[in-house]
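Asks: Now for the letters of each chain:
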Amino acid sequence: MPNVEMRDVTLSFGTGPARAFALNGINLALCGGVFTVVSGPSGSGKTSLLSVLGAMLAPDSGAVEVNGTDIAAFRSAHRSAFRRDMIGYVFQLFRLMPALNAEENIRLALELRGQHSDRRRARDALELVGLADKAHLRPQEMSGGEQQRVAIARAIAHRPLILLADEPTASLDSANGLNVTKLLADLAADTQRIVVAVTHDPRVLPHAGRIISLADGRVATDQLCSARSQS
Amino acid sequence: MWGDRHRWFGRMKFALAVRNLLRSGARLWVSLFGIAFATFLMGFQGSLLYGFTLAASRIVDAVDADLLIVGKGTPTFEYVSPIPERYATLSLGVDGIADAGRGIVGWAPIQRPNGEHTNVAVVGIERRFRGRLPDVFDLAAEEGRSHWALAIDATDASVLQYAGASRAVQIGSHRGHYVAEVHGFSSFIGSPYVFADYVDAHNYLNLESTQVSLVLLRVAPGHDLLAVRDALRARLSDVDVWTQSELAWKSRLFWLVQTGAGAALSLAAILGFLIGLVVVVQTIYSITADSIDEYATMKAIGATNGDVRAVVLIQSFVCGVVGGSAGLVLIRPFAALVRPAVTWITVPSFIYGLVGVAIALLCAAASLIAAHPAVAVDPGRVFRA
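Protein chains in written order, with this note's numbering: chain A, 920 to 1150; chain B, 115 to 499.
Mixed in with the good hints there might be a few duds.
[As the list claims (entries may be wrong)] To spell it out: a stretch of chain A is covered by chain B in this simulated footprint if at least three of its residues, at any positions, have a beta carbon under 8 Å from a beta carbon of chain B; those stretches are:
{"#": "1", "stretch": "958-970"}
{"#": "2", "stretch": "1000-1006"}
{"#": "3", "stretch": "1020-1028"}
[Stated by the list, open to error] Partial list, derived from the structure: chain B residues whose beta carbon lies under 8 Å from chain A:
{"#": "4", "residue": "Arg133"}
{"#": "5", "residue": "Asn134"}
{"#": "6", "residue": "Arg137"}
{"#": "7", "residue": "Ser138"}
{"#": "8", "residue": "Gly139"}
{"#": "9", "residue": "Val296"}
{"#": "10", "residue": "Gly298"}
{"#": "11", "residue": "Leu391"}
{"#": "12", "residue": "Val392"}
{"#": "13", "residue": "Ala414"}
{"#": "14", "residue": "Thr418"}
{"#": "15", "residue": "Gly420"}
{"#": "16", "residue": "Asp421"}
{"#": "17", "residue": "Phe497"}
[Unchecked claim] Cβ pair distances, simulated, as ranges:
{"#": "18", "chain 1": "B", "residue 1": "Arg453", "chain 2": "A", "residue 2": "Ala996", "range": "54 to 64 Å"}
{"#": "19", "chain 1": "A", "residue 1": "Asp1109", "chain 2": "B", "residue 2": "Asp404", "range": "35 to 45 Å"}
{"#": "20", "chain 1": "A", "residue 1": "Ala996", "chain 2": "B", "residue 2": "Ile384", "range": "32 to 42 Å"}
{"#": "21", "chain 1": "A", "residue 1": "Gly944", "chain 2": "B", "residue 2": "Asp407", "range": "14 to 24 Å"}
{"#": "22", "chain 1": "A", "residue 1": "Ala982", "chain 2": "B", "residue 2": "Ile384", "range": "49 to 59 Å"}
These are calculated hints, taken from the structure and not from any lab test. By construction, the Cβ of each residue, glycine as well, lies at the ideal position given by its N, Cα and C atoms.
I would like the entire structure built from these sequences, with the hints used as guidance.
Replies: In structure tokens form, the structure reads like this:
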């Protein structure tokens, strides 16, 4: 089972008096199988946490160990390779390529990751999110909820170690938001991946196995909850 | 370890690149038009340059001689100065020379039927050395003449107001007779070539009987051409001795460099390249900038800068292939259209390959520049709503 450990992680922006800490001494351990939700007010460091966890940014100091390897020490090209192979992202605005249909969006992601981008793998991923019959549709021909599910399929098609979701329900209505939330929670439980979602959306919290609350770049609260954390 | 499996080009990258290009609407057409124009301009100017180069040495290339003796410092075939005829005899004394002949080239005024005068370049080479030049002796015989015959290129007929064979015309202080139109010897220097028998040409130019314009030599089989040339140079130090290809090259350089024609034509071809480059860079750059969020997403999900560059490069090359093909297709028809005015334009097959390579370089350079915003984009921007 994958595990991530963040130790004394700090990340700041600006210099001198204008320097602001987005993350200020974060210590966290994440393990697979738990749908972890990170919440907190704007500016609390949620997106920064996601960026560091996803090797998008290198922290100023501290260690981010993924299965024992410190990715914080990676150089840019190495971080990019790690991100490509080990991380799956789901974005608030879906970020699908409008010129490609659902299946092609997934195949592009596989291709970028140097993996076989055959139709079967893409279809399998779509099947997993319940959209096998919409493979031929372009993003603009789908609802927001469907687009987000395609984005999730894209994020998991290469079977990443860690799935990171940034406000995955913010652009969705209640029903679609619920579907997507359940899908993420199920993915964590069924695939034993580390699934972390950053959100403001209170509808997500009941489905979380763990809720981490950030304030001013620090962990304010960290609670395991519900039966999902046991799975 | 991560990142050891990577392909720069793939079907989905290609699909993304092409479809985004097709979605760019008017900018795609601007790009295609720009590349087509650049391709056409490079190909057309290259054809002009090539045709000019061939025309500049056409007469030298046509004669059947291995070596030529001309006056010291002669810059080009058309500007030879008279030399003593005895050089032909002297040459035969050099080991390796099998045969020597005489040639006349010079300028003479010709009176057109309307009474106006124009200068013509009179060319008369002894028959056995004339090679591909018109056989004026035979042409005259067909018209029942043995002397004072003239042949002109068909493209110069209007300049000389040629109205048919056997028309009398005053050339220099003599009366000559047009006997035929020939093809393939159009002039590029503004004054027509007029072909005559060697003896007649000698008379038209009023040269002294002991003078010729050039001596043409044939090297005996088994002898090294350059060695014979050097032996001649050693013996005949007050004239220039050139191989046929050397004199041809010298003539080309003279007309291309000394007159500035080469620079002008080359500059136009380079301008074509630059225009194409600017248009493609500008268009692909703006298409890239419009898709910046997509590139950020690609990078966020693991695309390397190479992947990003590959997509931009594909777009650039698709524009290059489509626009470039349109431009290439236009070259020959347009050359045919202007040939009545620019008689020496020649579109060689290799110009297509050369222009194709230039367009490929143009597209590669354009994509390197245009990819900059996509390469520089922060993948973290995809987290911002």
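Asks: Would you mind marking each hint as holding or not holding in the structure?
Replies: Each hint, compared with the structure:
no. : hint                             : result
1   : 958-970                          : holds (count 3)
2   : 1000-1006                        : holds (count 7)
3   : 1020-1028                        : holds (count 4)
4   : Arg133                           : 4 Å, holds
5   : Asn134                           : 5 Å, holds
6   : Arg137                           : 6 Å, holds
7   : Ser138                           : 10 Å, violated
8   : Gly139                           : 13 Å, violated
9   : Val296                           : 61 Å, violated
10  : Gly298                           : 54 Å, violated
11  : Leu391                           : 26 Å, violated
12  : Val392                           : 26 Å, violated
13  : Ala414                           : 6 Å, holds
14  : Thr418                           : 6 Å, holds
15  : Gly420                           : 10 Å, violated
16  : Asp421                           : 6 Å, holds
17  : Phe497                           : 5 Å, holds
18  : B:Arg453 - A:Ala996: 54 to 64 Å  : 57 Å, holds
19  : A:Asp1109 - B:Asp404: 35 to 45 Å : 39 Å, holds
20  : A:Ala996 - B:Ile384: 32 to 42 Å  : 38 Å, holds
21  : A:Gly944 - B:Asp407: 14 to 24 Å  : 33 Å, violated
22  : A:Ala982 - B:Ile384: 49 to 59 Å  : 56 Å, holds
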